[in-house]
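Based on the provided sequences and hints, a complete structural model is requested.
Counting from 1 along the sequence shown, just add 1100 to a position and that's the residue number in my numbering.
Everything labelled a hint here was simulated from the structure, so no lab data went into it.
Fair warning: there could be bad hints in the mix.
Claimed, not checked - Here are the simulated distance ranges between beta carbons:
{"hint": "1", "residue 1": "I1229", "residue 2": "V1139", "range": "18 to 24 angstroms"}
{"hint": "2", "residue 1": "N1206", "residue 2": "Y1231", "range": "37 to 43 angstroms"}
{"hint": "3", "residue 1": "A1169", "residue 2": "A1136", "range": "22 to 28 angstroms"}
All C-beta atoms in this analysis are idealised placements derived from N, C-alpha and C, irrespective of residue type, glycine included.
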Amino acid sequence: MRRLNGWQRIWIVTSLFYAALVAGTIYMLHPNYWRAADVLRAELTLDLFEQYKSDNEAALSLEERKNLALASARVRLFLADKSGPVADSYDAFVTDVNSSLGVPINFSSVYIQHENALNENRQALLRLIGYGFVGWAGPVTLIYLLGAAIAWIRKGFRDDPF
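Shown next as structure tokens:
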């Protein structure tokens, strides 16, 4: 196996250092897409509750109004500190809400928009990682070529008899 010369060692150390910088930048810039999609889902759920309440104002019993207010409070708790039953299991939350109401709420639009937000954010994250890789590979390649050129030039001076 061939030993690495000094320029290659400098290149490896520089490449690793630069990779750490790029990875740190990507980590700082990347969207926390699970959390962003969950917040969107919670906001859409609140909108859905408000729409349901305004559409069924006369038909809602006092118990159903109370349950709807409690469900809204649970969603607002999630928006405030990102914890609670909405964060743990949204499906269980939906089942609980629908079991407490006489006419179930159709949550399909919330699920669809949540899935769309997850897909869009995943694509944004993959695009950011791709840009980071290109932003790392380009300069690292240039550094390697520059080191090889400098080593070639220095070798030419050493071989020069004058």
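Hints, one by one, checked against the model:
1. I1229 - V1139: 18 to 24 angstroms: For I1229 and V1139 the Cβ distance comes to about 23 angstroms; the hint holds.
2. N1206 - Y1231: 37 to 43 angstroms: 39 angstroms Cβ-Cβ, so the 37 to 43 angstroms window holds.
3. A1169 - A1136: 22 to 28 angstroms: Holds - the Cβ-Cβ distance for A1169 and A1136, about 27 angstroms, lies within 22 to 28 angstroms.
Violated hints: none; the structure is consistent with every hint.
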